[in-house]
Every structure is written in structure tokens, then in C-alpha cells.
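J.: Sequence:
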Amino acid sequence: MALRLAVLLVLVTASVATAENVTRQALARVRLTTDPKIPVGCTTLGTIKDDSLRDLRRKVVRMGGDTALLSFPPEDLERMNAVVFRCPPAAAAAPSVPPPSGAPPPPPPPGSAPAPR
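Counting in the numbering used here, the sequence shown runs from 1 upward without gaps.
Derived from the structure by calculation, the hints contain no laboratory data. Note that beta-carbon positions come from the ideal geometry of N, C-alpha and C, so glycine has one too. One or more hints might be untrue.
Stated by the list, open to error - Okay, derived cross-link-like pairs now, DSSO-like style, lysine-lysine, Cα gap no bigger than 27 Å in a straight line:
no., residue 1, residue 2
1, Lys37, Lys49
2, Lys37, Lys59
3, Lys59, Lys49
Claimed, not checked - Pairwise CB distance ranges, derived in the manner of DEER restraints:
no., residue 1, residue 2, range
4, Val40, Leu77, 22 to 32 Å
5, Leu32, Pro109, 34 to 44 Å
6, Pro110, Arg54, 50 to 60 Å
7, Pro106, Thr33, 47 to 57 Å
8, Ser71, Thr43, 37 to 47 Å
9, Gln25, Arg79, 42 to 52 Å
10, Asp35, Arg79, 12 to 22 Å
11, Pro74, Pro110, 53 to 63 Å
Could you build the full structure based on these sequences and the hints that come with them?
T.: Here you go:
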């Protein structure tokens, strides 16, 4: 009986630790932005508000979202409003940054240049 109880305790502890890791990973993937261009093409899930960034992230995850467009009401500067979105995997990834306009183009691959005359 004691062995069964020990095994049950280990299984429960392991499943709780796994659930905490999954939740922590989901919270870490939430993208917070004030740029309205970021969630273009994403599905709007709803709106939330809170005065804690951690709680706001939890609410985004609970709604099934991965991106939140933040705004800050001028009458209550401690409060955050957010529109929650679920974005396709490519849109949720970090945006690619184009090279600076003054950067030279990369060299052509070897053997692709025309032969000298």
C-alpha cells in the first residue's frame, strides 16, 4: 500500500510540474505590442484589461491567444487594455528586419558572374 501511495505521489508531482512548464512556455510565447500593424491577419479573440502584466499574459493564454495589442487609458495610467489575437505561426514569429538601406548587397555565388572578355 505504501508503495502504491509513493508511486501515486510521484506521478501527481510529475504531472503538476509538467503542467507548470507548459503554462510557463505559453506565457513566454505571448507577444505584447503597441504596434497595430503586428496583429494584421490574426484572429481577434476579445478584449481584456488588468493592472498586472503577469495577469494580463495569463488572461491572453486563457483566451487561447498569443498576441495582445496594448493600450493605456489616460484616466488610469496603471491600467492596461488589450485586444487579444491568435496569429498564424509565421505571423507570431519575430518579424524579419530588412537590411539598412546603405548596406551593400551580398556578393554573387561563386561561378555565377559572367566570364571576362
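J.: Now look at each hint and say whether the structure bears it out.
T.: Hints and how they fare:
no. : hint                         : in the structure
1   : Lys37 <-> Lys49              : holds (20 Å)
2   : Lys37 <-> Lys59              : holds (22 Å)
3   : Lys59 <-> Lys49              : holds (9 Å)
4   : Val40 <-> Leu77: 22 to 32 Å  : holds (28 Å)
5   : Leu32 <-> Pro109: 34 to 44 Å : holds (40 Å)
6   : Pro110 <-> Arg54: 50 to 60 Å : holds (52 Å)
7   : Pro106 <-> Thr33: 47 to 57 Å : violated (30 Å)
8   : Ser71 <-> Thr43: 37 to 47 Å  : violated (19 Å)
9   : Gln25 <-> Arg79: 42 to 52 Å  : violated (27 Å)
10  : Asp35 <-> Arg79: 12 to 22 Å  : holds (20 Å)
11  : Pro74 <-> Pro110: 53 to 63 Å : holds (59 Å)
Going down the numbered hints, you'll see the structure goes against 7, 8, 9, while the others check out.
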